[in-house]
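Okay, here's what each chain looks like letter by letter:
Number of protein chains: 2
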Amino acid sequence: MSELDKVLAHIDGDFEKALERLFAVLRLRSISTDPAYAAECKRNAEWHAEDLRGIGFEADARPTAGHPIVVGHHRKGSGPSALFYGHYDVQPVDPLELWEDDPFDPKIKTLADGTKVIAARGSADDKGQLMAFVEACRAWKAVTGSLPIPVTILLEGEEESGGANLPGFLDANAKELKADIGLICDTNMWDPQTPAIVTMLRGLCGEEITIHAADRDLHSGFYGMAAANPNRILAKILADLYDDQGRITLPGFYDGVPELPESLKKQWDTLGFTVEGFLGPIGLSVPAGEKGRSALEQTWSRPTCEINGMGGGYQGEGFKTVIPAKASAKISFRLVFDQDPHAIRKAFREHVKARVPADCRVEFKEHGAGRAIRFPDTDPAFAKARQALSDEWGKPAVFIGGGGSIPVTHQLKTALGMDVILAGFGLDDDRIHSPNEKYNLESFRKGIRSWARILEALSR
Amino acid sequence: MSELDKVLAHIDGDFEKALERLFAVLRLRSISTDPAYAAECKRNAEWHAEDLRGIGFEADARPTAGHPIVVGHHRKGSGPSALFYGHYDVQPVDPLELWEDDPFDPKIKTLADGTKVIAARGSADDKGQLMAFVEACRAWKAVTGSLPIPVTILLEGEEESGGANLPGFLDANAKELKADIGLICDTNMWDPQTPAIVTMLRGLCGEEITIHAADRDLHSGFYGMAAANPNRILAKILADLYDDQGRITLPGFYDGVPELPESLKKQWDTLGFTVEGFLGPIGLSVPAGEKGRSALEQTWSRPTCEINGMGGGYQGEGFKTVIPAKASAKISFRLVFDQDPHAIRKAFREHVKARVPADCRVEFKEHGAGRAIRFPDTDPAFAKARQALSDEWGKPAVFIGGGGSIPVTHQLKTALGMDVILAGFGLDDDRIHSPNEKYNLESFRKGIRSWARILEALSR
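Chains as they are written, first to last, in UniProt numbering: chain A, 1 to 460; chain B, 1 to 460.
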């Protein structure tokens with residue numbers, strides 16, 4: 001029996017305890033965007049530092065201007081070194097009334113089709129995924145007393161709220177954190193049977209705007225039409241972001257966005273992606289993006305602009321004939337290839353300012369910026385990780401594009417010069433960022449086993 | 001000393017007690033649009049019925065499918081009979097944090113310029129105004145044992161929430177309620193020195209729409225652009241309601257809207273209305289309606305379309321990259337001349353449906369409908385009331401247009417065949433429907449005296 005086989009057997013035998021540890025961390029309400037949960041975020045960071053020390057890492061939760069960053073080192077062993085990144089913070093839980101269970105009281109549930117899932121906020125994004133890596137380390141240590149390669153673990157607490165403090169932290173600690181390869185477990189499989197490594201990730205530019213008009217709420221009967229209505233101004237600003245072909249109208253927005261090579265398009269055609277399969281399960285059927293481009297292109301290789309939130313005036317029960325004093329919106333752009341988030345922010349702000357009347361004003365708030373990134377899937381480390389995943393799942397792992405943005409991947413590339421292997425075990429129906437988030441029990445179990453295999457493969 | 005002089009003297013002597021009575025009714029939280037306050041509305045109706053019985057009216061609070069309607073008769077006396085209409089319900093109070101004081105704990109406050117005001121929700125709209133009429137009746141009864149003319153008082157509890165039950169009530173009780181003239185105290189003076197009778201009132205058509213897209217909130221990283229975003233659909237629907245000249249784009253919207261006669265325009269020119277005077281006090285300076293039309297025209301004689309509320313997606317602190325399952329808006333149209341609220345509702349709904357993608361759906365909710373109305377300001381009753389107001393305020397009263405809608409005026413005209421004298425003592429800075437609503441102490445005192453005079457004038 002090889003060492004790896006012993007480790008895999010240990011993982012299966014220890015799985016109940018691994019679940020208990022995951023549940024303990026899922027109970028912590030680490031909503032990073034809401035200041036009310038700052039203490040809970042700190043507790044979550046300290047939990048991880050202590051847990052890592054228990055495995056044999058030198059670890060601590062280090063204060064930042066925001067939530068703490070956990071760093072743990074296990075530098076013994078030979079072979080290429082790895083830096084694993086995960087984030088312990090989670091998205092807000094509203095609308096709370098749509099949750100079947102308390103989002104912070106994790107449960108094992110059985111779906112109608114018999115699938116067993118871990119139901120809780122953060123189960124898939126990213127607590128379940130980061131703990132899959134930690135448990136793989138724990139198993140190697142338990143069985144062999146060491147890890148196959150030197151490993152540093154970096155856990156952030158602001159991934160869901162702009163991640164303002166991570167870039168400075170990486171710069172300040174570049175020498176300490178630098179490794180031969182980055183590892184991240186915060187992405188999805190291609191489907192429940194097919195593991196995947198994401199080699200192409202979109203960037204992000206987030207903006208919040210507030211339009212201020214009169215200095216108070218007004219009665220629309222007295223001031224209607226004569227007084228500026230910020231709802232109307234905002235609707236115009238937002239509607240004008242798109243043309244009738246579904247393209248984004250900001251000047252220069254598509255600069256740095258090439259057409260996909262035919263070879264890649266052909267590879268994607270073999271994936272069996274269908275509009276019905278993608279949109280059907282969420283109750284939709286018509287791709288809403290750029291006309292003439294497939295839903296897969298819209299999601300993987302084209303930039304997007306989404307209005308994530310907007311509001312102004314009376315939104316309660318019944319009716320109130322008010323002209324509000326202000327209205328706000330939160331907008332995010334997902335970026336691809338060489339799009340520059342700062343240039344896009346500038347173009348967006350000019351678009352807004354051009355539509356704000358002279359007697360009104362606009363307030364801008366920045367929410368994160370990161371470029372898109374591609375990793376060299378021809379690198380031997382990527383081939384080794386791919387093989388390890390294929391061995392665990394019994395099906396060849398695929399290299400895919402990713403829709404979500406993980407800004408740290410770009411920062412690891414630029415600040416530390418590292419490529420990153422993005423291997424995750426989430427599924428498209430995990431409802432991350434939504435009510436009733438879940439992580440499949442098999443994703444967690446085979447995720448741990450997958451990382452045990454990858455650590456071993458990278459040591460060869 | 002004439003009877004009228006004795007009544008006016010009595011009003012001044014009894015003013016502290018009149019204020020106590022007004023405060024008692026201002027303490028009742030009669031927010032009609034919110035079902036949570038139904039019991040408070042009922043209590044408010046019963047308070048009025050008991051108060052009117054105390055003055056010598058036959059009065060009761062009659063149940064409807066919604067909030068009760070109070071009817072009180074004092075049919076003794078000769079001369080033309082009058083039906084006074086008021087509403088005891090009030091607007092919601094959010095955003096509560098912007099109120100300087102508890103909206104339901106009325107106080108006398110002194111403004112920076114020395115003006116004394118009654119600060120409370122409903123102080124101007126309409127509790128203070130309707131009590132001005134009731135107190136005038138009370139004074140006549142106290143001094144003479146009767147009223148100058150037969151009076152019926154009708155107090156509604158759903159004026160701020162669509163008034164669904166009043167039309168049926170008027171039809172069912174037409175014979176009982178019919179009088180020679182209608183009286184309403186729910187409008188403003190021209191300015192703090194100049195009393196006014198509103199002879200031209202706009203109509204209203206209120207609509208609420210909800211756009212439903214996916215069956216759950218989605219992560220914009222995974223589904224961005226590919227999945228329909230109801231915020232984007234809603235922004236387009238709302239922005240498309242206006243063209244770049246500030247005109248409303250619904251087909252047929254301006255049907256039945258004539259140009260103003262030059263004579264009326266000239267009369268309005270003499271009023272000394274200025275954009276600075278109208279918009280300056282609320283922090284604005286640019287009329288936002290139809291280009292080429294004055295702010296006064298926009299407000300008094302042109303129809304309007306306002307987005308009173310809209311919302312969708314994440315509106316809390318921070319950022320959440322969500323594509324929401326739904327988004328909603330509340331829209332109101334103010335109508336003039338012969339515009340048909342039902343035709344406009346139909347055109348609006350077609351405008352919306354044409355912009356909802358095939359895989360999304362829209363839900364409509366109706367919030368009130370009423371035509372615009374004009375009263376014959378050449379009628380002798382109007383001349384008498386105008387003279388009474390001029391006598392009280394020492395300045396000639398003016399006939400003006402009104403921006404707000406009081407649907408009951410149209411219903412009184414059509415169901416009961418009555419003209420209505422709209423004489424009110426509100427001021428443009430009363431902040432009705434907004435935080436820190438107030439009613440000037442002088443509006444209340446001289447409002448009572450004005451109604452005492454009008455009752456007497458109508459008896460001649």
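Keep in mind that the hints are not guaranteed to be accurate.
Chain copies aren't distinguished; within one or between two, either way the pair holds.
Only pairs whose alpha carbons sit at most 20 Å apart, straight line, appear in this in silico EDC-like list of lysine to aspartate or glutamate [stated by the list, open to error]:
no., residue 1, residue 2
1, Lys109, Glu259
2, Lys42, Asp429
3, Lys265, Asp171
4, Lys266, Glu392
5, Lys291, Asp359
6, Lys291, Glu317
7, Lys353, Asp243
8, Lys365, Glu317
9, Lys265, Glu20
10, Lys236, Glu208
11, Lys413, Glu46
If you are wondering where the hints come from, they were derived from the structure by calculation, not from laboratory data.
From a predicted model like this one, the values you see are computed outputs, not experimental measurements.
Going through the hints against the structure:
Taking CA atoms no more than 20 Å apart as the test, Lys109 paired with Glu259 passes in neither setting, with 44 Å inside one copy and 68 Å between copies. Proximity of Lys42 to Asp429 under the C-alpha cut-off of 20 Å is found in neither arrangement, the shortest distances being 30 Å within a copy and 49 Å between copies. In this assembly of identical chains, Lys265 and Asp171 lie within 20 Å of each other by CA distance neither inside one copy nor across copies; the values are 37 Å within and 69 Å between. Taking the shortest alpha-carbon separations for Lys266 and Glu392, neither the intra-copy value of 27 Å nor the inter-copy value of 87 Å comes in at or below 20 Å.
Proximity of Lys291 to Asp359 under the C-alpha cut-off of 20 Å is restricted to the inter-copy arrangement: shortest distance 16 Å between copies versus 37 Å within a copy. Taking the shortest alpha-carbon separations for Lys291 and Glu317, neither the intra-copy value of 37 Å nor the inter-copy value of 34 Å comes in at or below 20 Å. Proximity of Lys353 and Asp243 under a CA criterion of 20 Å is satisfied in both settings, with 19 Å inside one chain copy and 19 Å between copies. In this homomeric assembly, Lys365 and Glu317 come within 20 Å of each other (Cα to Cα) only across copies, at 11 Å, whereas the closest approach inside a single copy is 30 Å.
For the identical chains of this complex, Lys265 and Glu20 are neighbours neither inside a copy (43 Å) nor across copies (79 Å), given an alpha-carbon limit of 20 Å. For a Cα distance limit of 20 Å, the shortest separation of Lys236 from Glu208 qualifies both inside one copy, at 16 Å, and across copies, at 19 Å. Taking the closest pair of Cα atoms, Lys413 and Glu46 never come within 20 Å of each other, the shortest separation being 27 Å inside a single copy and 73 Å across copies.
Figure legend: structure checked against the earlier numbered hints; hints not met, in rising order: 1, 2, 3, 4, 6, 9, 11.
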